[in-house]
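Starting from the known structure of chain H, arrange chain D on it as the hints suggest.
So the protein sequences, as listed, match chains H and D. When we follow our numbering, the leftmost residue of the first sequence carries the number 1, and every step to the right adds one. When we follow our numbering, the leftmost residue of the second sequence carries the number 439, and every step to the right adds one.
It should be emphasised that the hints constitute simulated quantities derived from the structure, not laboratory data. Since the model is a prediction, treat every value here as computed from it, not as a measurement. Just so you know, even glycine gets a beta-carbon here, dropped at the ideal spot from N, CA and C. Be careful, since some hints might not be right.
[Said to hold, decoys possible] If we take Cβ atoms under 10 angstroms as the criterion, some of the chain H residues that face chain D in the derived model are: (1) Pro179; (2) Leu208; (3) Thr228; (4) Pro229; (5) Leu268; (6) Arg269; (7) Ser274; (8) Asp296; (9) Asp313; (10) Gly360; (11) Phe362; (12) Ala404.
[Stated by the list, open to error] Here chain H is said to cover these stretches of chain D; the calculated rule only asks that three of the stretch's residues, wherever they fall, bring their Cβ under 8 angstroms from a Cβ of chain H: (13) 514-527; (14) 544-552.
[Stated by the list, open to error] Simulated restraints, written as ranges between beta carbons of each label pair: (15) Ala195/H with Gly490/D: 49 to 59 angstroms; (16) Asp515/D with Arg421/H: 37 to 47 angstroms; (17) Ser509/D with Gln61/H: 45 to 55 angstroms; (18) Thr287/H with Arg531/D: 34 to 44 angstroms; (19) Asp515/D with Thr215/H: 27 to 37 angstroms; (20) Gly380/H with Val511/D: 22 to 32 angstroms; (21) Asn204/H with Gly490/D: 26 to 36 angstroms; (22) Ala401/H with Gly569/D: 39 to 49 angstroms; (23) Asp304/H with Ser509/D: 31 to 41 angstroms; (24) Gly162/H with Ser509/D: 29 to 39 angstroms.
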Amino acid sequence: MMRLLKTCIAISAVALGAAIAATMPARAQLQIDVTQGVVEPMPVAVTDFLSSDNVGAEISQVIEANLRRSGLFAPIARNAFIERISNPDVAPRFNDWTVINAQALVTGRVSQEADGRLRAEYRLWDTFSGSQVVGEQYFANRQNWRRIAHIISDSIYENLTGESGYFDTRIVYVDESGPKNQRVKRLAIMDQDGANQRTLTDGNSIVLTPRFSPTRQEITYMSYEGGTPQVYLLQIETGQRELVGNFPGMTFAPRFSPEGQRIVMSLLRDDGNSNIYSMDLRSRSTTRLTSSNAIDTSPTYSPDGQRVAFTSDRGGRPHIYVMGADGSNPNRISFGDGSYSTPVWSPRGDLIAFTKQSGGQFQIGVMRTDGSGERILTTGYLQEGPTWAPNGRVIMFFREASGAAGPSLHSIDLTGRNEQRIPTPNFGSDPAWSPLLE
Amino acid sequence: MRRIAAITRSPLIVAFVAGLALAGCASKQTPNNAADLGLGGGAGSGIAATPGSSQDFTVNVGDRIFFDTDSTVIRADAQQTLQRQAQWLNQYRQYGITMEGHADERGTREYNLALSARRAAAARDYLVSQGVQSNRVRTISYGKERPVAVCDDISCWSQNRRAVTVIDGAGS
Chain H
1 MMRLLKTCIA ISAVALGAAI AATMPARAQL QIDVTQGVVE PMPVAVTDFL SSDNVGAEIS
61 QVIEANLRRS GLFAPIARNA FIERISNPDV APRFNDWTVI NAQALVTGRV SQEADGRLRA
121 EYRLWDTFSG SQVVGEQYFA NRQNWRRIAH IISDSIYENL TGESGYFDTR IVYVDESGPK
181 NQRVKRLAIM DQDGANQRTL TDGNSIVLTP RFSPTRQEIT YMSYEGGTPQ VYLLQIETGQ
241 RELVGNFPGM TFAPRFSPEG QRIVMSLLRD DGNSNIYSMD LRSRSTTRLT SSNAIDTSPT
301 YSPDGQRVAF TSDRGGRPHI YVMGADGSNP NRISFGDGSY STPVWSPRGD LIAFTKQSGG
361 QFQIGVMRTD GSGERILTTG YLQEGPTWAP NGRVIMFFRE ASGAAGPSLH SIDLTGRNEQ
421 RIPTPNFGSD PAWSPLLE
Chain D
439 MRRIAAITRS PLIVAFVAGL ALAGCASKQT PNNAADLGLG GGAGSGIAAT PGSSQDFTVN
499 VGDRIFFDTD STVIRADAQQ TLQRQAQWLN QYRQYGITME GHADERGTRE YNLALSARRA
559 AAARDYLVSQ GVQSNRVRTI SYGKERPVAV CDDISCWSQN RRAVTVIDGA GS
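Bound conformation, chain H alone (with noise of 0.2 angstroms):
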């Protein structure tokens, strides 16, 4: 029923550049550094890429929004262009570009093989130092247009900043509709920018907490469907589904090891605390991790697997504490006022994103792996949730207002300047952020 998107995409990027001599070797002297807080957008031009049907402004239109949305980039006003490019494989008129203060320049064009797959070059030019920064060209299925979009927002964003991208992406959550007592939910799955939306459940039965695997199309989440609720997997491209383990009570809160091959989760004890277990999902053993008389849950894998963060109760309140992949050595890491719960650890290793509770508001955070530096990234009635951008610069989590029928997506970038709202059919809640594509 549903079919992996790279099987049915064939991308190969070639470099162009040998085209203009005089540019080479590129030498590009325009660099966002990400980590300062970028006050200043860079101004950038996105041109309409040139092709025979409107597939080409559509591209460009994407990769404009990609680039804005980001936060670290200005696109231009395209009535302010005062160059039209007609031949990509030419070098641009520069000057006519630094004029109106396009530090950076899109070109490209769209063309279709004889095989019927678009072909899309494109070139990415430092307008100052007057140089091509990168040529490349896809290939790909006409239906694949937006993930063409999306990888050239990529090399876009990897070449200006030094740091790969996260357009190439999906984002799967659970889709609501209904009342609130009668809530209807269903996994949905859809691109990082909200579309290509789908449902993957038929809202029968409760699902919570999707997560990505890291390394193959499926996702593991939390589903009422066989009367006690319980962990699953879902092969995004089969529809097929699987419950996870064979346990006696609930088991929630799951989520996936660094390398695809474990899940950690809680398992309901018969006293009514809560553990958490992990599973080896070839050998189906699986391994205690805590044993408190205590709700222990949440639990999230540092990306080098060695540690593994997660909510406890055990000191009274909910906080964040941090053991060993194998249980040992629980210790807190937070110690600000409230309740402190859903830790997700950065995929590039150095943060805990987490939800605070504190003078009766939602706050959505990060911290060092150790708990210093804490940061509130934005407070609200009701936000939880969060789920780390692949590159661990942007994260997303779900917010409702107070008085709401339901709640919505949104993302907000680590200098919590850069707040944007992902636009999803229905009420939308859980998001969790896929790999990059391959």
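Quick look at chain D alone, frame taken from chain H:
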């Protein structure tokens, strides 16, 4: 924005090769959702219910107890309700029950699943301490997924922090 140290990039070669049980606590009902709760059939004190029926349990015994914020302690008023429940269940031994644990929305999703599981276990354990056989009681945790009262203040939250005793076969 600064233009800083030059980076050199040669051309890249990249290959991408339940409806809830009948509400028994009439004083706690909110008008906006009585219909949603399936209260059509005449719940409320003063309505005659066949002794030993699930309606009898809901109307005359009370099917739910409430908790304080982030607490799983069985309050004094809840103890009275659970004592009545145990009495009734010890009289009508043909029923199994499902103890549902619930939380309000003022907590994060996974923690609330665990919290409401603990509430269900605490209520079950109280019934068992009153002589109800433990193998008659199944528990399930709903976290904050099934509120009965919908608003954004304590009048609703206090109703949603609950454990509901559902007579099996009575429809949940």
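Quiz item: Given Ala404/H as an interface hint, is the shortest Cβ-Cβ distance to chain D below 10 angstroms?
Solution: 8 angstroms, holds
query = Holds or violated: is the Cβ of Pro179/H closer than 10 angstroms to a Cβ in chain D?
reply = Cβ of Pro179/H sits 7 angstroms from chain D, so the hint holds.
**OP:** With 49 to 59 angstroms as the target window, see if Ala195/H and Gly490/D comply at their CB atoms.
**Re:** Since Ala195/H and Gly490/D have Cβ atoms about 58 angstroms apart, the given range 49 to 59 angstroms holds.
Exercise for the section: Verify the coverage statement for the region 544-552 of chain D against chain H, using a C-beta to C-beta distance below 8 angstroms and requiring 3 or more qualifying residues. Expected result: holds (count 8)
Close enough to count: is the Cβ of Arg269/H nearer than 10 angstroms to one in chain D? Cβ of Arg269/H sits 9 angstroms from chain D, so the hint holds.
8 angstroms C-beta criterion, at least three residues: is the region 514-527 of chain D covered by chain H
violated (count 0)
* Can Leu268/H be said to touch chain D, with a Cβ gap under 10 angstroms? -> 5 angstroms, holds
**Asked** Given Gly360/H as an interface hint, is the shortest Cβ-Cβ distance to chain D below 10 angstroms?
**Response** Result: holds, 8 angstroms to nearest chain D Cβ.
For the range 22 to 32 angstroms, tell me whether the beta carbons of Gly380/H and Val511/D fit it or not.
The hinted range 22 to 32 angstroms holds for Gly380/H and Val511/D, with Cβ atoms some 30 angstroms apart.
(Q) Holds or violated: the 45 to 55 angstroms window for the beta-carbon distance between Ser509/D and Gln61/H? (A) Once the Cβ atoms are compared, 53 angstroms apart, the range 45 to 55 angstroms for Gln61/H and Ser509/D holds.
Does the hinted range 26 to 36 angstroms hold for Asn204/H and Gly490/D at CB?
33 angstroms, holds
**Status of the Ser274/H interface restraint (C-beta, 10 angstroms, chain D)** = With Cβ-Cβ at 4 angstroms, under 10 angstroms, it holds.
This entry does not satisfy hints 13, 19, 24, going by the numbered hints stated previously.
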